[in-house]
Amino acid sequence: MDNQMNTSENLYGVGALFKDPNKIVKVVEKLVELGYKHWDVHSSYPLHGIPKRMRLKWSPLGYVALILGLTGTLTGLFLTWWTMSVDYPLTIGGKPWFSFPAFVPVLFELTVLLASVGTAIVMLFIIFKFPNNQHPLHDTEYMKKVSVDHFGVFIEAKDELFELEKVKSLFNDFGADEIIEIAYDRNEVAFKPKVFDVKFISFLVVIAIITSSVAYLFNNKILYFPPFDFMLNQFRLGPQESSTFFADGFGMRKPPAGTVARNQEFYPFKNKPDEAGMKLVNPLLATKENLELGRNKFNTFCSPCHGWRGEGDSRLNGQFPNPPSLHSEKVRNWTDGRIYHVIMEGQNVMPSYASQLTEKERWAVILYIRSLQRALNAKQEDIQ
Amino acid sequence: MIQENLVINYQRKPLPEKLFKVGLLLLVVGFVGVVLAYISNSARASFNLLVVFTWIASIGVGSMFFIGIEYLTGAVWSVPFRRVAEITASFVLVLPILAIPILSSIHSLYHWSHTEAVQVDQILKNKSAYLNQTFFIVRLIITLLLWFLFYYLFTSISRKQDKSFDQSLTKKNTIVSAVFMPVFAVTLTFFAIDWLMSLEPHWYSTIFGVYYFAGSFLAALGVFTFVSISLNEKGFLVDGLGSEHYYSMGALIFAFTNFWAYIAFSQFMLIWYANLPEETFWFINRGVGSWLYFSIGIIFVKFIVPYILLLPQPAKMDPLRLKIAALWVLFAHYYDLFWVVMPTYSNGGVPFGWMELVFPVFAVGLLIVLFYILSKNVNLVPIGDPKLKRGLEFHL
Numbered sequence: 001m002d003n004q005m006n007t008s009e010n011l012y013g014v015g016a017l018f019k020d021p022n023k024i025v026k027v028v029e030k031l032v033e034l035g036y037k038h039w040d041v042h043s044s045y046p047l048h049g050i051p052k053r054m055r056l057k058w059s060p061l062g063y064v065a066l067i068l069g070l071t072g073t074l075t076g077l078f079l080t081w082w083t084m085s086v087d088y089p090l091t092i093g094g095k096p097w098f099s100f101p102a103f104v105p106v107l108f109e110l111t112v113l114l115a116s117v118g119t120a121i122v123m124l125f126i127i128f129k130f131p132n133n134q135h136p137l138h139d140t141e142y143m144k145k146v147s148v149d150h151f152g153v154f155i156e157a158k159d160e161l162f163e164l165e166k167v168k169s170l171f172n173d174f175g176a177d178e179i180i181e182i183a184y185d186r187n188e189v190a191f192k193p194k195v196f197d198v199k200f201i202s203f204l205v206v207i208a209i210i211t212s213s214v215a216y217l218f219n220n221k222i223l224y225f226p227p228f229d230f231m232l233n234q235f236r237l238g239p240q241e242s243s244t245f246f247a248d249g250f251g252m253r254k255p256p257a258g259t260v261a262r263n264q265e266f267y268p269f270k271n272k273p274d275e276a277g278m279k280l281v282n283p284l285l286a287t288k289e290n291l292e293l294g295r296n297k298f299n300t301f302c303s304p305c306h307g308w309r310g311e312g313d314s315r316l317n318g319q320f321p322n323p324p325s326l327h328s329e330k331v332r333n334w335t336d337g338r339i340y341h342v343i344m345e346g347q348n349v350m351p352s353y354a355s356q357l358t359e360k361e362r363w364a365v366i367l368y369i370r371s372l373q374r375a376l377n378a379k380q381e382d383i384q
Numbered sequence: 001m002i003q004e005n006l007v008i009n010y011q012r013k014p015l016p017e018k019l020f021k022v023g024l025l026l027l028v029v030g031f032v033g034v035v036l037a038y039i040s041n042s043a044r045a046s047f048n049l050l051v052v053f054t055w056i057a058s059i060g061v062g063s064m065f066f067i068g069i070e071y072l073t074g075a076v077w078s079v080p081f082r083r084v085a086e087i088t089a090s091f092v093l094v095l096p097i098l099a100i101p102i103l104s105s106i107h108s109l110y111h112w113s114h115t116e117a118v119q120v121d122q123i124l125k126n127k128s129a130y131l132n133q134t135f136f137i138v139r140l141i142i143t144l145l146l147w148f149l150f151y152y153l154f155t156s157i158s159r160k161q162d163k164s165f166d167q168s169l170t171k172k173n174t175i176v177s178a179v180f181m182p183v184f185a186v187t188l189t190f191f192a193i194d195w196l197m198s199l200e201p202h203w204y205s206t207i208f209g210v211y212y213f214a215g216s217f218l219a220a221l222g223v224f225t226f227v228s229i230s231l232n233e234k235g236f237l238v239d240g241l242g243s244e245h246y247y248s249m250g251a252l253i254f255a256f257t258n259f260w261a262y263i264a265f266s267q268f269m270l271i272w273y274a275n276l277p278e279e280t281f282w283f284i285n286r287g288v289g290s291w292l293y294f295s296i297g298i299i300f301v302k303f304i305v306p307y308i309l310l311l312p313q314p315a316k317m318d319p320l321r322l323k324i325a326a327l328w329v330l331f332a333h334y335y336d337l338f339w340v341v342m343p344t345y346s347n348g349g350v351p352f353g354w355m356e357l358v359f360p361v362f363a364v365g366l367l368i369v370l371f372y373i374l375s376k377n378v379n380l381v382p383i384g385d386p387k388l389k390r391g392l393e394f395h396l
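So the protein lines, in turn, are chains A and B. First residue of the first sequence: 1, per this note's numbering; consecutive thereafter. First residue of the second sequence: 1, per this note's numbering; consecutive thereafter.
This is chain A alone, in the form it adopts within the complex:
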């Protein structure tokens, strides 16, 4: 009590203590009738019916929770949509990139998380004014009695209708057992949040430095010393390492002679470009779909060297020799099968693209090359 400043300008309010809960009901009704706004009732157990008589409004916290919950839902929706279908689309189990049912658990969890944690934070920081844990009523005689065997009514001095003598006589009229004036606590008035304290901030900085240096040391240094380096020594071969298991020293095995891997077609025209040119026929029709597929694959695999339009204008800035144009007389006169052979086997510097493209895609690329050739070397009758 000694750190309270009992001057009238520091008055927080006046409290009245009653032994009989029925008197409280009458006081409450009177205060409502007179139109006081900043007042409260204190009791050590719930007094049923008092909130109704006090005409307390519904707590707005429900709306806070609703808004925060909806924010969580929308955040979840954005997060799942952006990561799963725009930024890094992965096909999982053949599902579409935007598969809503898979996102519902995320939406649900984020809704619940934001609504509950957010409401708690709003309650603590805005309503309870955290980190201030002090209140003028704390540690007063009024609060001590109210939490044992009295019921209290308290009117704050900031109420418009508040007049010290009037309030006191009002309480006396209703037979208050005790009337207590309560002033602001000195600590309460001089309270500064610890967040801006230099000591507190430097404490946070020191903690941050210690934790990050421990994490750095552990991840970059300690993990490379025995016995923590067991993850580095595994039974596998790194790039360019020779095998001690196989006699020939190769880590990769070659397929046995005369076999073809599953789902891989056998190419009978190995080293026989002319035969391939004569015997192979493009099985695809020049439909829009096939040309789209061809364009897609051409732009992905061919255009870095051959250029967007096959003119041999490489985008690789001389890192690789530029290939000749696909619009030369020679290539235009090649059959589809001859071009197919080049894709399968490679030519000069160009490697084989058999592993990058499926059979259908190869033929689609050829269709697209044909359409490029026709477009860039249009004949008179094409224009008409």
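Don't take every hint at face value.
List of simulated lysine-lysine pairs, DSBU-like, C-alpha gap at most 35 Å [as the list claims (entries may be wrong)]:
| # | chain 1 | residue 1 | chain 2 | residue 2 |
| --- | --- | --- | --- | --- |
| 1 | B | K127 | B | K376 |
| 2 | B | K13 | A | K52 |
| 3 | A | K52 | B | K323 |
| 4 | B | K18 | B | K376 |
| 5 | B | K234 | A | K57 |
| 6 | A | K95 | B | K125 |
Restraint-style ranges between C-beta atoms, simulated for each label pair [stated by the list, open to error]:
| # | chain 1 | residue 1 | chain 2 | residue 2 | range |
| --- | --- | --- | --- | --- | --- |
| 7 | B | H395 | A | N132 | 25 to 35 Å |
| 8 | B | I284 | A | L77 | 24 to 34 Å |
| 9 | A | L56 | B | V32 | 52 to 62 Å |
| 10 | A | Y88 | B | M269 | 16 to 26 Å |
Hints were generated in silico from the structure; no laboratory data involved. We treat Cβ as the ideally placed atom computed from N, Cα and C, and that holds for glycine.
Using the hints, position chain B against chain A.
Positioned in the frame of chain A, the structure of chain B alone reads:
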């Protein structure tokens, strides 16, 4: 020994004759419709009767679950209304009468009941130790006998208390409830698997029992809330019951609406994600033709509408809104069961005609008449219950 402070001022009033007349009218009209339906298309009629059968079973056994929960948790707010749940629990008594016509047309309902079909189907052959007619009927009889037994125990002990005011009877019913809970869990799961899941004998979903339970308790709460509020408003119960009791009912409906949505979505998402053909076909059947719109409708009917209706706190205290929500969840459960049962009958489109309207009329009429008859000689408030006074003084 009668304790003075426990005696409540309650006067038994008979329910109005009008209610009985309305119920009887609906029942007669519905019954004529049902008979006509059986004459014109007995297969379709049996599927509709199956919906009615499982719907009534839901309400009856769900009410028993409510009584059990009340005793086990020592809840006080629901004590003044418990008689309502005890009377609605009696709906299980009509189940054998409804089961007979369904069992007589078992071949048009359940594919596994055809022995020649089972012979050529390896999966059904493997399941035939469980899915055969004899064991099916045995399971039904055991289930119904257990339900009748617990219905009898709950109500007779509770009614005895009206006269004797004996507090130890509450203890006795608590023990009955504790025994009832596991029995309820097992019987309801078997009931759901037998009567609903086995309509598609190749399909299985391990959560299906819980799915049916969620809907059942919701339907029981719907009846309980609607009847309790109506009776209380007309003054058939005791004074002092009001918005704080209603709030608890609204909160329960709201909670179990969410629970149903959680379970229904869990069932859907796991099947959708795993994408196994032996599980997905059940949902694919419900996405064909007009069934697709019916399936999307269930999200709104059973989850979104009651969710929004009951979300604000004051909405759970408003008797009118609560009554609407209660009837709505009752309708939603019928819709749900229709969605579970009917695609087996008509694959490709929702069957909807006079027949689908006649059966709910019949069911509602039956329930009203039953409620009237069974509440005739009973106090509508358990006046001997030691928790009644506390229940009347219940505050949030």
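Does the structure break any of the earlier hints, and which numbers would those be?
Those not satisfied come down to hint 1.
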